[in-house]
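Line order of the protein sequences matches chains A and B.
Just so you know, we're using this note's numbering here: the first sequence kicks off at 910 and counts up by one.
Just so you know, we're using this note's numbering here: the second sequence kicks off at 910 and counts up by one.
Hints are computed from structural coordinates only; laboratory data are not their basis.
Keep in mind that the hints are not guaranteed to be accurate.
Intra- or inter-copy, both count: the list cannot distinguish identical chains.
[As the list claims (entries may be wrong)] Derived pair list, reagent style DSSO-like, types lysine-lysine, alpha-carbon separation capped at 27 Å:
| hint | residue 1 | residue 2 |
| --- | --- | --- |
| 1 | Lys1025 | Lys937 |
| 2 | Lys937 | Lys1118 |
| 3 | Lys937 | Lys1157 |
| 4 | Lys937 | Lys1235 |
What follows is each chain in one-letter form.
Protein chains: 2
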Amino acid sequence: MINIALLGHGVVGSGTAAVLNEKASQLKRVTGQDVALKYVLVRHDYDVDYKEKFVYDFSVIENDEDVRIVVEAMGGINPALDYVTRALNKGKSVVTSNKELVAQHGRRLMELAKEKGVNFMFEAAVGGAVPVIHAVRNCLKANSVYAVAGILNGTTNYILTKMIDEGMSFDRALKQAQELGYAEADPSADVDGIDTCRKICILSDIIFKNHVYPEDVAVEGIRSVHIEDVNILKKHGGCVKLLGVARKAGEKLMVTVAPFAVLDKGVIGATDDVFNSVQVETDNAGTMAFYGRGAGSLPTASAVVNDICECVTAGGPAYEGWNGPKEGFLADVRQVPMRYYLRVEADADKLRADFEGAQVLHSGSETAMITADICGRELEEKLSGYSVKAVLKVF
Amino acid sequence: MINIALLGHGVVGSGTAAVLNEKASQLKRVTGQDVALKYVLVRHDYDVDYKEKFVYDFSVIENDEDVRIVVEAMGGINPALDYVTRALNKGKSVVTSNKELVAQHGRRLMELAKEKGVNFMFEAAVGGAVPVIHAVRNCLKANSVYAVAGILNGTTNYILTKMIDEGMSFDRALKQAQELGYAEADPSADVDGIDTCRKICILSDIIFKNHVYPEDVAVEGIRSVHIEDVNILKKHGGCVKLLGVARKAGEKLMVTVAPFAVLDKGVIGATDDVFNSVQVETDNAGTMAFYGRGAGSLPTASAVVNDICECVTAGGPAYEGWNGPKEGFLADVRQVPMRYYLRVEADADKLRADFEGAQVLHSGSETAMITADICGRELEEKLSGYSVKAVLKVF
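Next comes chain A alone, as it looks inside the complex:
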């Protein structure tokens, strides 16, 4: 019998309880063990049919040697970090869906788990149901990855999809997302890119073996995405997506979160509404991508329960070696050459002369175009005399 303790009973926690119950016989078949919920840590009492499992004090879970796996579904750093640390110290494996916790403290918790010979798993913290952590850990053993890019936040992707498909303004699309419960009353963590940033930091650690902290990443949200640019790109078969991107730049790693002009066909451009996707660029396998529901109670819970199964069947800790803390391994995004989408109040011919190799998408009183590869710093200099309406990185 594998006893599970669940910390938190919100969207993810209650979904996890439901999936554990609904799939009990399937879990027994695939793991060879009975997997059962023993405790649910809650703050106050209310009515569910497994109310007898409610506890209000974490030390009950911490001190019960029969609890083998702790699922942290509370979110936030406090008290999650304290509880997770204590659970690992007691030799319990931990599964979490908490991206903030993993982005800030994941590497330290992985090290602690390894030291204790248990697992610290967090598939649900990145991309919801999309098994991207599992895939990059287990399916790329014959590859080196040089870039990863993802649509990692369903709320912003829903807003952008509304802008692209229905011509809505950002403000109206945000309001609709709030009415549907996709966006919170304070939408900052989503629309300002903070949530996406946490997730690309986690992916960067697992893929590139260097932990990237959110505060070190240049993050731009989608508040300044104009419907004009969405429409111009749409006419050319493109769109705008909020991406988290990590890419090798020589010996360094470039990590950024920003709204990108997506021109490419492929999975990223086809990921609409609340779906998430992650594209990985490798040397041998080429481009690979993983797609699925980025949020929601049951999709996220299904990733949590899959991690629980891995904890049960794993021989030892799923541990990533890493390169250790490294000063200065992050590249300055503005020093890495890439293409940019520009909309500028200027004549196309004048701009063409200043930006050799640019592709003009729209001309009139304003000109929209895609530049050739250029560094952000150089771009700024070249644009200094112009009235610039929009600048987007190009995917």
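Since chain A is already given, all that's left is putting chain B on it; use the hints.
Only chain B this time, still in chain A's reference frame:
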């Protein structure tokens, strides 16, 4: 030291040798063992820098107890089946990229491997570099799957992409694919859907725990796809894709290979050129999809080498339980209700009267429309008085 024997030295075999060599230190790091090529079974001698590993008689490999993993990259049933069976009987794990072998004999070989306590792995046989076998085995433990659909053949997808993007006829696109080496001189296995059929049979076994034999599947290729229908669908944001589909239909399983009208946004419609993708429909996680290069030397070899790593690190055989042989578990495709795309030489109003709830895409001397859900048998009856130009299943 883990000694590998490679059977065959064509596109996949030579790629596997290259990846094993190139990634030797990475493989040692991820598996904890030296993984090295000991033998390459070839038919005749030629010049490569590891020529000393060439052998011409399988029994050398069979009888060498130091060979722990045999990679079968010969293709076809004979002598692959004989060699794979003998390798498993000697307690060696087998990794293969041979879809024909796995589609026809995979279940029997999985049973034999289990009996011998070794692995029989075949990621590269379905979707090339796309880790779909791994994902459905390892990432869906908290889900039940009710449908799987895939673009599983790069050659036909390349041809269809040319038809969609450039308005080429089937014949011209096929010729171009042949000139580029994507299609063989005899393209039947690809364009008639045989290759896709083998792959959907393999996926059906792993996902639905019942082995489906290619000869029991209704298969339609892409020779009869008209550019007119491609263009009509394109105008409505859709396209035509050759799909292998397996879907639960009550207690039965519907398996089919056919060109589908794809209306949905999402990964399947965004999979172009020689890329493959597989979409899985689940109860808890909802829709998931996996995308990548479906063929090519290094992408396929990277899947083979990843399987090799799994053989090295696996505690025991990766074995799927199954439901055993079951008479009559396959549904008749023509008795399962689904939407159809029709192009008929008839007036739209007359057709609308006969097909309630249909959506007209094009009207003129011919009418193109999408029906509501209807069984194929009933559709045939309703169409019996009409001059029918095209019928496609709708995805």
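Which numbered hints are broken by the structure, listed smallest first?
The structure breaks none of the hints.
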